[in-house]
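Now for the letters of each chain:
There are 2 protein chains.
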Amino acid sequence: MQDVIRKLVQKNDTKIVMIVLDGVGGLPVQGSTELESAKTPNMDALAHISACGLHMPVGYGITPGSGPGHLGIFGYDPLEWQIGRGVLEALGVGMELRNTDVALRCNYSTFTEGLIKDRRAGRIPTDLNRELTKRLQDNIKQIDEAEIIFEPGLEHRFAVVIRFPEPIEKGSALINDTDPQKTGKAPLQPVPGNNQSERTARIAEKLIKQAADLLTDQERANYILLRGFAQVPDIPTFEEAFGLKALAIATYPMYRGLARLIGMDTPVVNGDIKEEIEFLKSNFHDYDFFFVHIKKTDSNGEDGNFEGKTAKISEFDGFLPEITELGPDVLIITGDHSTPSLIKEHSWHPVPVLLRSPYVLGRLSERFTERECTKGELGIFPAVSLLPLALANAGRLKKFGA
Amino acid sequence: MQDVIRKLVQKNDTKIVMIVLDGVGGLPVQGSTELESAKTPNMDALAHISACGLHMPVGYGITPGSGPGHLGIFGYDPLEWQIGRGVLEALGVGMELRNTDVALRCNYSTFTEGLIKDRRAGRIPTDLNRELTKRLQDNIKQIDEAEIIFEPGLEHRFAVVIRFPEPIEKGSALINDTDPQKTGKAPLQPVPGNNQSERTARIAEKLIKQAADLLTDQERANYILLRGFAQVPDIPTFEEAFGLKALAIATYPMYRGLARLIGMDTPVVNGDIKEEIEFLKSNFHDYDFFFVHIKKTDSNGEDGNFEGKTAKISEFDGFLPEITELGPDVLIITGDHSTPSLIKEHSWHPVPVLLRSPYVLGRLSERFTERECTKGELGIFPAVSLLPLALANAGRLKKFGA
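These protein sequences, in sequence, are chains A and B. Sequential numbering of the first sequence, starting at 1, is according to the numbering used here. Sequential numbering of the second sequence, starting at 1, is according to the numbering used here.
Same shape as in the complex, but just chain A:
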């Protein structure tokens, strides 16, 4: 279907704003969901004159990670375009990835007498992680033909990018995890699963050895385990696929990284909702499409903080008039997935969607909530259909067939 859409795309000067309240969908606690408990007079008024519904990120019963959650609402089938763990980890710590790179996530671990005694090196403090990762970076800058780039994460986690001098072939990261998954077992060797991955595996093997040599003074963090070898998918850019010049406005690196994978512009934005809306306003003339990512709804959901998530939704509502005053041709408010405080993690529930344009029925939903959105004209629909719907409402899709 993405091929069909691509052939129908036409450009014009309309503007589409997509607000993603991360993890916005919820479940009732004492009868009401977070959206139902929030004070949202602006969103509710907008929902009343908008097309409402719920999108299904991947499929019934499937809980999406952040990667598939966002790819779906960006119009990429998340089952077709899977983003490897190493890539997500690298994006999450703010690394830039190119088509020359293999990314992996790494653990510091404890290695004694040929066996892994602790797969997480006793969850060393993040400060120690930073110190050791700097040591690795200072001493390992290049292995064979590839540049090696390190970036610390939290506790025992860090990310590595193996950057080759030229764009790499598809399938260059088919390498097993070296983590034996159980303590008391020997670490595995990185073994290439195909020809293209051979040099990556060779470099990984040297990386493990060189790191171990540099960590001999450490009692706990004296060895590294490599996981999630991945390269960036050869995915059509947002401009190629949908003819949209797009700006991502996100304060967290991983969401900027995801947007960058599909070629959106991703300048660093610091702050929270207020600063993001300011940024939207000051760049409104320069792009066709605006992805505005609001993180804290999800963070509160994951903490099980019902009131915190509710408050964040109410806070966003206060800024909504500043967005509508910009007069986007199409305005969408949704989430990338649900994160009910009740569950404290991502969930499989469909996600409320509001789409405002001149070409909607409206008057079917009284509020922007899970239950009111079930009454809307969009029904429950695949997330991947949201972007085509936005394009149609912006007059950016030609007729299919005669």
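Rather than coming from a laboratory, the hints here were simulated on the basis of the structure. Treat the hints with care, as some may be off.
Because identical chains share one entry, a pair is satisfied inside a single copy or across any pair of copies.
Derived SDA-like pairs: lysine to any residue, alpha-carbon spacing no greater than 25 Å straight-line [claimed, not checked]:
| hint | residue 1 | residue 2 |
| --- | --- | --- |
| 1 | K281 | R260 |
| 2 | K399 | L88 |
| 3 | K375 | S357 |
| 4 | K7 | F381 |
| 5 | K15 | R130 |
| 6 | K344 | P192 |
| 7 | K117 | Q30 |
Given chain A's structure and the hints, the job is docking chain B onto it.
Same frame as chain A, now just chain B:
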């Protein structure tokens, strides 16, 4: 899925009537859609005891042409069965097409000193078009092994069928348009894109030459441009696919032509709704399935004539009792796509559906309108699922699996 359906089909003596109010779906103008503004006591009463919902012709955001719009509600996946422009054009001017034919749409154009000066020959009057097309037909009846059939359209447009003596292979019409798309450029030669298209291209080349020789006395319409080479798809008939002996009742040639492509009987019917219903009544004993096409809802929508479209819907409502009195086992009222007067062309919006049979829940929709249909038991569903639903309600589908 069509293969699955096909294996489940069983015949019986039930009758299915599908009324297609072309482009019936609309959008609010001053708060109400065309269906909401129309006086439709009969449809509303029927909606209340019917299964209601909305069908999605091709996909979210996709605006269908008339071809894909009808194929979908006839149970053929419009993404799988694409009908070429030349075929649609030929059907639209009332030509009959066979599996021996390549159809194309043609323009009269102005050709001077090797360049196209006007791609539409100054939009010559239709009368002159008729005169010239008759001249071409009188002088060009055969080129090489193929019969050549001309049919005038409006202004500068006409259609040509290249009829070979025997059924042609798939892919026999893979030939570029000769229209250079811009004035001041040389016309293109028809170039075959594969082996099967070689003889078609050879004949097209001779056709251009012979037509030019016959048009030398014309100042404006002295050359022809060929576009949209296409052959009829090798599509299973309605009888083969669904076991239904079908009658199409349509006053416009293109809709009869579409129905004929899938093997429906398509006698000429003149007049409007009244005459169509009379025709339905007098043939009700002779078929299993009746496609009744009502055109003017769409025509008014395309003209942006909200009141005209509303009036046409109200007019149809007056005839509805004559249809229900026939006692069809399954009665469907829907459209092939939406044509909101607000937009003045086909749109991507899902289309209201009402399905009446003894085997429905009912009492969910108070009227036959876009908004009331969102409340119905059918939800928003792919157009291609409508025909299987009709078959099931007519007891014409066996159980799947044990």
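Hint check results:
1. K281 <-> R260: within (21 Å within a copy, 55 Å between copies)
2. K399 <-> L88: The answer is between: 15 Å across copies meets 25 Å, while 37 Å in one copy does not.
3. K375 <-> S357: both (18 Å within a copy, 22 Å between copies)
4. K7 <-> F381: This pair counts as both: shortest intra-copy Cα distance 22 Å, inter-copy 24 Å.
5. K15 <-> R130: Neither. Shortest intra-copy (42 Å) and inter-copy (46 Å) distances fail the 25 Å Cα cut-off.
6. K344 <-> P192: neither (37 Å within a copy, 59 Å between copies)
7. K117 <-> Q30: neither (45 Å within a copy, 72 Å between copies)
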